[in-house]
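Could you put the whole structure together from the sequences, leaning on the hints where they help?
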Amino acid sequence: MNILVVLAVVAAFGLLRFGRVSLLVWAGAWWVGIYVLLRFGFTAPIPASVVSLYMGIVSIAILAYVSSSQERRDEISRPLVRFMTDKRYTAFLAATVVAIPALAAANVYVQMNVPLQPPLFSRTVHPASPSEITVHDKKIDLDAGENPFRHLEASSPTEFRTHVENGRKVYYRNCVFCHGDNLAGNGMFVHGLDPIPTNFTDKGTLPMLRETFLFWRIAKGGPGLPEEGGPWDTAMPAWEKFLKEEEMWEAILFLYDSTGQRPRAKEEAAK
Amino acid sequence: MVVSRKLLFLLGPVAGIVMFIAVVWMATVFVGRNEYKDPYRAPAATADSTPRAEGVAAEKDEAEKKAQEKPYAEAEYRRFPVVGSRVAIWAVAQLHLLFAAFVLAVPIFAFIIEAIGYKTGDPRYDRLAHEFSRLLSVSFSLTATFGAFLTFMLIILYPKFTNYLMSVFSPTFLPYVLLFFAEAFFLYTYYYGWGKFHPLVHLGLGLGLNVVGTGIMMIANSWLTFMMSPSGVSSKGALISLTDAIYNYTWMPINVHRFIANIAFGGSIAAAYAAVKFLQAETDEERAHYDWMGYIGNFVAISAFLPLPFAGYWLAKEIYAYSQTLGLTMMGGAFSWLFIIQAVLIGNLFLAANYYLWLGMGRVEGAQPFQRFVKYLLAAIVLCFMIWATPRSIIATVSEVRAMGGSAHPVLGFLGVMSAKNTAVNILILTTFMSFLLYRRTGKVASVTWAKTGHALQLSIFAAAAFVVIFLGVYGYFVEASVRIGLSVPQVGAVLLAMVSITAIDIFLFRKPRNTGAVRWGRIPAISQYVLIFIAVTFTWLMGLMGYVRSGLRQHWHVYGIIRDNSPDAFTPTLGFATEVVSVTVLAFFLLIGFVFWIASLHDRPDFERGQSL
Ligand code: HEM
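Just so you know, the sequences run in chain order U and Z. Under the numbering used here, think of the first position of the first sequence as 1, with each following residue one higher. Under the numbering used here, think of the first position of the second sequence as 1001, with each following residue one higher.
Derived from the structure by calculation, the hints contain no laboratory data. No residue lacks a Cβ here, since even glycine has one placed at the ideal position from N, Cα and C. You may find that some hints are simply not true.
Stated by the list, open to error - On the chain U side, residues computed to face chain Z include the following (Cβ under 8 Å):
| # | residue |
| --- | --- |
| 1 | Pro-45 |
| 2 | Leu-53 |
| 3 | Ser-59 |
| 4 | Ile-60 |
| 5 | Val-66 |
| 6 | Ser-68 |
| 7 | Ser-69 |
| 8 | Ala-128 |
| 9 | Asp-202 |
| 10 | Glu-228 |
| 11 | Ala-265 |
This is how it looks when you write it as structure tokens:
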């Protein structure tokens, strides 16, 4: 959170509270306040698409609030009606009438006046995997399969450690350039890539995925993605061309081990 | 004056249809202009025989001979003109389903209302139930017509696959037909027997109608759930066990989800009907009646709406259990965007339901004290709505992704997952329930001696439930996925327990309330009626959308993983296209349902007399 922005918004609300302003001002203030918070209040900025989704919800809610009782409807419409009918405000009214299209035009200008960017692309980050893939002429069942080394974790911890160590070697020989020294997706190639390499330390990524899913992504890479995952957009190589099957499984062990996360367990059948 | 208004009302749809036909005609003309047309030639018979004419004749003979020798080959697919088979079958199935849902929903609705009327002795309920069952016969025949239409379309367009389904499910067809007879029997005796039997006998008929209707739905559900999650057949599709084929993974969850959704659907359509009548009403008396009717319809709809998310999550869980891939396609893959649309729709439904209740407080004198809670309820709804609509895969430009430090946002990433969404839905449900309770309290004060303790108890149950839900939601981040999914059960349990116990206390609390203000039915702003219409349309649209999700999930399979779809339509259409098809079918449904309502209203019309003007 950007503490300064949050404090500024809170302070503005405090002022309004003491100023005893009308419902109309409050409604406007809430809208603007929430917008400012969403837009500038976070250290990692929220993408515009999500901000507009949220603001849509907020707009509907504010409209619902101001019209939810007779008193509120009166209170909100009184200043508006006065503004439109009272002679005193004629100049303002005229200014508003001019300002609305002018604002729209200004908005168009601002929107067009940004540096060129590739278009928004609704890439699905985790598309469904196929239920079975073939790697080095071997069929691997992604639905029912398991990491062949995972069971060693309980039965033979030392052997498990050697596999994790092998995985570490695989990682630092191959993956580090993109996925980074600390697995945070900030390797030295990152600046040239879009989409950027996955940040494995993110709590919402590895624990949500099963090891077989990762195996599929590593073995088949970007080219193996289905349509909605935007194949060919990502630089993730298809590692089956360079690594042995065991090496890929070991790299997966290392990813979880190094980030201290656990893979998603298989959902058991209900019947 | 009155007649001309009604005429105007009729004129709208008629003008719409005329314009539609005109547009289609114009389009045909314009397209036709660019088509190649044969230049005029003298008819062959009048021309002299030339080598060319002989050649043409020989060619014709040849073709005829070939045609004679052609062996009979079974067609796998046939194409529907212009829109293609998929869209054709989609629209017809959707319309059939909407009508079927309506025909199942009206009797449930009528039965509930009639039972309330019997219990309370208030004749208004009985009249309302009767008014609604009048819609049954027309919509019953429309449903059957669309059903036959759908069957023919299946046989024509997808003959091979239809044949397969028939061979697997052949033993279920006879019971289906017999149930249909029973349905017709109950339906007509229920409707025509209104007021002719002892109320309990009549209620019994209504119950029979509902039981039979549910049975029909369950049989049909077995066919379509089998397509999504087949079991009881070999990997090549040969039938092994019919029981397993019927009782497949998603059968029960869909039965339950649909049954509940149908009640909500029926209630919302009833409320929308009342809303239209309210807006057309010319006397205060009419307004009062239709306001009340809209309220009751909406009450039934929202009561059924509240448990729907639970049924939905159960369904989702069974889909995951059946196939991880199918589950991921649904929630994480190509279809995940539909769930964002779903979340927006459902969030709007929750908001609208609450808003209607708040507006309704205006009916009651002295409801102002309760109005001040509205902002807190609204804040809870907005927060939950926002969490629920947070996408898991965010649409962002490259620079935005860079700024966020990855394709997952550090904060939003937490909100996009199941734990947060489950929690949000549960709180939404609790909030809506709270609005109901507040609405119930307008205009009366509990007069029992333990009123204070009662209120305190209710409040603490409420707070406890909210705490449990939020605590488990947060806890979910610290445990494995398989445990996390299990957490939704105690969450749901807490909410259900709270709702049941608070309602029970409420009933005793308001046994003999002291009235402080009268309910003035009809004194409600017109916006509220548009809200009711909005709820009905949104609900119908939601049904269409989710039906598409269920069916589209199979992607290039007729029967998932077993029978492949080799037709040219076996691709997943874009979101925009899918929503367009859904919108068009919903529009068609509302035109048709308007027609059903109009036919039913003929009953109240004075007979035509000679010399009367139009
Ligand atoms: C949160 C509240 C929910 C509401 C209000 C809701 C509402 C509905 C409605 C009205 C239908 C149409 C029923 C019919 O055709 O008879 C439907 C169908 C469906 N719902 Fe939900 N639903 C909810 C949650 C969910 C969830 C969480 C899921 C799964 C992830 C889900 C999955 C489905 C599916 C797959 C269908 C299609 C069933 C079919 O028509 O064959 N729903 N839902």
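Each hint, compared with the structure:
1. The beta carbon of Pro-45/U comes within 5 Å of a beta carbon in chain Z, closer than 8 Å, and the hint placing it at the interface holds.
2. The closest approach between the C-beta of Leu-53/U and any C-beta of chain Z is roughly 6 Å, which is under the 8 Å cut-off, so the hint is satisfied.
3. Nearest Cβ of chain Z to the Cβ of Ser-59/U: about 10 Å, over the 8 Å cut. The hint is violated.
4. This hint holds: Ile-60/U has a C-beta 7 Å from the nearest C-beta of chain Z, less than the 8 Å allowed.
5. Contact between Val-66/U and chain Z, as hinted, is not supported at the beta carbon level, the nearest pair being about 11 Å apart and thus beyond 8 Å.
6. Interface restraint check for Ser-68/U: the shortest CB-CB distance to chain Z comes to about 4 Å, inside 8 Å, so the restraint holds.
7. Among the interface hints, the one on Ser-69/U holds; its C-beta lies about 5 Å from the nearest C-beta in chain Z, closer than the 8 Å criterion.
8. About 4 Å separates the beta-carbon of Ala-128/U from the nearest beta-carbon of chain Z, less than 8 Å, and the hint is met.
9. Because the smallest distance between the Cβ of Asp-202/U and any Cβ of chain Z comes to about 5 Å, under 8 Å, the interface hint for this residue holds.
10. Evaluation of the Glu-228/U hint against chain Z yields a held restraint, the C-beta minimum of about 4 Å falling below 8 Å.
11. Contact between Ala-265/U and chain Z, as hinted, is supported at the beta carbon level, the nearest pair being about 4 Å apart and thus within 8 Å.
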